[in-house]
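Undergrad: First to last, the sequence lines map onto chains A and B. When you line the first sequence up against our numbering, it's residues 1 to 107, in that order. When you line the second sequence up against our numbering, it's residues 108 to 733, in that order.
Worth flagging that the hints you see were computed from the coordinates, not collected in a lab. Even for Gly, the Cβ is constructed at its ideal location relative to N, Cα and C. Some hints here could point you the wrong way.
What the hints assert, rightly or not - Sample of chain B residues facing chain A (criterion: CB under 8 Å; computed from the structure):
{"id": "1", "residue": "112"}
{"id": "2", "residue": "114"}
{"id": "3", "residue": "115"}
{"id": "4", "residue": "119"}
{"id": "5", "residue": "146"}
{"id": "6", "residue": "154"}
{"id": "7", "residue": "155"}
{"id": "8", "residue": "214"}
{"id": "9", "residue": "246"}
{"id": "10", "residue": "249"}
{"id": "11", "residue": "250"}
{"id": "12", "residue": "251"}
{"id": "13", "residue": "375"}
{"id": "14", "residue": "378"}
{"id": "15", "residue": "382"}
{"id": "16", "residue": "667"}
So you can see what is in the structure, the chains are spelled out below.
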Amino acid sequence: MSITLTQAAANHVQSYISKRGKGIGLRLGVRTTGCSGLAYKLEFADAAHPEDLEFETNGVRVLVDPKSLPYLNGTELDYAREGLNEGFKFRNPNVKDECGCGESFNV
Amino acid sequence: MALFQISEPGESPAPHERRSAIGIDLGTTNSLVATVRSGTAAVLADEQGRSLLPSVVRYLPDGRTEVGFLAQAHQTADPRNTIVSVKRFMGRGLKDVAHAENTPYDFVDEPGMVRLRTVAGVKSPVEVSAEILRVLRARAEASLGIADGESLYGAVITVPAYFDDAQRQATKDAGRLAGLNVMRLLNEPTAAAIAYGLDNGSEGIYAVYDLGGGTFDLSILRLSKGLFEVIATSGDAALGGDDFDQRILCWIIEEAGLGPLDPRDMRLLLVKAREAKEYLTYHAEAPLAARLSTGEWFELTLTSEKFSEITAHLVQKTLGPTRGALRAAGLNVEDVKGVVMVGGATRMPQIQRAVADLFRRDPLNNLDPDKVVALGAAMQANVLAGNRAQGEDWLLLDVIPLSLGVETMGGLVERIVPRNSTIPVARAQEFTTFKDGQTGMSFHVVQGERELVADCRSLARFELTGIPPMAAGAARVRVAYQVDADGLLSVSATETSTGARASVAVKPSYGLTDGEIERMLRDSFEHARDDMHARALAEHRVEGERLLVALSAALDADGALLEAPERAALDGQVALLETALAGHDARAIRQATDALNRASETFAGRRMDAGVRRALAGHNIRSLEL
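Please take these sequences and the hints and turn them into a complete structure.
TA: Okay, here's the thing in structure tokens:
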């Protein structure tokens with residue numbers, strides 16, 4: 001079981017957390033919604049829940065709730081630029097298909 | 108494949124429901140757009156990585172427009188169709204536009220707001236501004252990955268703190284015309300304070316020193332419990348970084364002994380001057396060299412000391428309004444907890460030093476002074492779009508630029524709400540009747556700092572009727588001024604014994620430009636002495652007239668108490684006062700009033716005795732409960 005961040009993603013996360021002034025790491029998750037069934041959660045984590053699974057990757061603490069982990073296992077989070085746009089990109093091997101925009105997906 | 112931003116805990120948006128909000132600094136010289144990404148505010152750059160968009164719009168014959176650097180490049184070749192500094196025309200009539208004759212534009216005077224005739228037709232400043240906003244909106248949509256058919260959630264646009272209602276409305280209209288949902292207009296100094304995170308538990312007084320390309324604004328903010336109040340503003344609408352370039356240009360011409368220059372050489376030298384100015388921010392001296400169109404070549408070195416010396420008076424010119432704003436707010440420099448620097452011109456070391464010396468503390472300058480307003484606007488937009496973390500909320504308050512008052516007898520102004528009061532505000536004062544049996548009162552609501560109504564701006568008039576007949580000075584009329592959060596003034600007058608009431612609502616800032624506000628303020632300082640005399644004259648007149656009215660009523664009632672010679676002497680004094688009242692000598696009126704007061708003392712004494720006798724007639728001493 002693993003979730004990883006690329007170096008670029010980790011750098012951005014660390015910079016955002018330091019500018020935000022608080023937070024212990026990143027929380028990743030999924031929830032059911034959207035046009036293709038599932039949607040990602042990508043949030044700052046201010047506290048760990050007892051049931052959380054933790055991964056340490058490139059110096060960033062990543063928290064995932066146990067229900068989400070099967071959908072995210074093996075995911076690599078990257079930071080990318082597309083034209084003027086920039087942001088985090090999920091490379092999730094579990095995804096079978098996703099909606100056109102990639103904001104929701106199926107496994 | 109979608110790109111994601113990090114949300115606050117529990118705030119991850121549903122797919123396609125991201126609430127992307129932007130902050131726009133719609134500047135006189137340059138404009139910027141910023142957003143909050145993964146909790147951090149950042150200015151959005153164009154494809155070439157440039158953050159600033161020159162606030163320049165060029166209209167082409169085929170109806171297309173060029174905005175920004177492209178338009179700026181054609182500024183000299185096509186001046187009439189290339190609109191620069193359109194912000195100065197927002198919400199202004201032609202008469203409000205300073206030095207219209209010095210601009211290359213073909214103005215069309217229209218009621219409300221001036222228009223500009225271009226090759227693509229007549230354009231309003233709102234339309235021109237909307238072109239700039241449209242480009243920024245497109246940049247934001249590309250940067251935020253907003254697909255076709257989706258839209259930005261909303262925008263916050265900043266305006267100078269002194270912008271009046273018409274200018275704010277025009278800015279809002281420009282946003283709407285550009286297809287933006289304008290969630291709020293935000294004062295520029297407040298945006299700068301937000302960018303510095305002063306909302307996070309900072310308390311106390313902060314000054315915002317904003318020296319842009321062509322304008323200087325100083326604002327005093329009070330922060331308490333996350334509340335931002337702009338408590339005073341001042342500045343100079345014609346002072347900015349460009350004036351420093353101009354000083355270097357003059358220095359070059361003198362040092363190099365250059366003769367009359369053609370416009371192209373002037374522009375070349377101005378570019379060189381600006382480069383030298385920017386170079387001197389990080390270096391002790393700047394090389395200056397150029398070949399003119401005449402073939403003339405010059406080579407100079409401008410040292411940092413020399414630059415400070417030739418611009419010392421410009422730096423001084425910013426310190427006057429700075430002290431003025433502190434005075435207006437009733438504060439000393441020691442009361443100021445921090446100074447925020449805004450505007451590219453504040454990078455100049457001599458400015459940093461002068462501000463540090465004045466406030467006896469180093470100014471806050473770790474954010475890019477060109478970007479700080481846009482960053483704060485983006486943070487406010489993010490909050491308004493509902494992307495806030497818990498406990499993050501801001502309430503913003505504003506001030507009244509000029510005092511609100513009421514006309515009193517003699518054409519004098521009684522100030523009810525003083526200038527720089529924060530809104531919303533409510534103030535009341537009691538007035539009384541001037542004549543016996545007076546049953547009505549007429550109210551004249553005015554705005555301004557001068558002592559005489561004639562020198563202030565008339566806002567509204569209304570009448571209160573139904574006051575029960577009483578002796579002069581016995582009625583009690585409460586006049587209440589209330590200004591709500593949108594700057595709407597309502598005035599009411601209530602006679603307290605009967606509850607008779609009348610009221611009126613006005614928009615005090617409507618149609619009042621910052622130039623007018625500035626002029627009215629300047630006038631009030633320059634005419635302080637005249638005003639004092641005028642007030643004294645008017646007050647003595649009112650006093651003299653009041654005495655005549657009272658005496659004539661008394662003579663009608665009890666004239667028989669006087670012997671004929673006494674009556675004649677009194678009439679003589681009355682005539683003297685009437686003559687004095689017809690003139691303009693405050694002292695003569697005062698003296699004649701005093702003389703009549705003395706001359707009527709005997710008469711007043713006899714009336715009192717007669718009154719007491721009447722009251723006591725038929726009573727014995729024991730029935731009087733004293």
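Undergrad: Hint by hint, say whether it matches the structure.
TA: Here's how the hints hold up against the structure:
1. 112: For residue 112 (chain B), the interface hint holds, since the closest Cβ of chain A sits about 5 Å away, which is under 8 Å.
2. 114: This hint holds: residue 114 (chain B) lies near chain A, its Cβ roughly 5 Å from the closest one there, short of 8 Å.
3. 115: For residue 115 (chain B), the interface hint holds, since the closest Cβ of chain A sits about 6 Å away, which is under 8 Å.
4. 119: With a minimum Cβ separation of about 4 Å from chain A (threshold 8 Å), the hint on residue 119 (chain B) holds.
5. 146: holds (5 Å)
6. 154: holds (7 Å)
7. 155: Because about 11 Å separates residue 155 (chain B) from the closest Cβ in chain A, which is outside the 8 Å limit, the hint is violated.
8. 214: violated (37 Å)
9. 246: With a minimum Cβ separation of about 7 Å from chain A (threshold 8 Å), the hint on residue 246 (chain B) holds.
10. 249: Cβ of residue 249 (chain B) sits 4 Å from chain A, so the hint holds.
11. 250: Holds - the Cβ of residue 250 (chain B) comes within 8 Å of chain A, reaching about 4 Å at its closest.
12. 251: holds (7 Å)
13. 375: This hint is violated: residue 375 (chain B) lies away from chain A, its Cβ roughly 34 Å from the closest one there, beyond 8 Å.
14. 378: With Cβ-Cβ at 29 Å, over 8 Å, it is violated.
15. 382: Violated: closest Cβ of chain A sits about 29 Å from residue 382 (chain B), beyond 8 Å.
16. 667: violated (88 Å)
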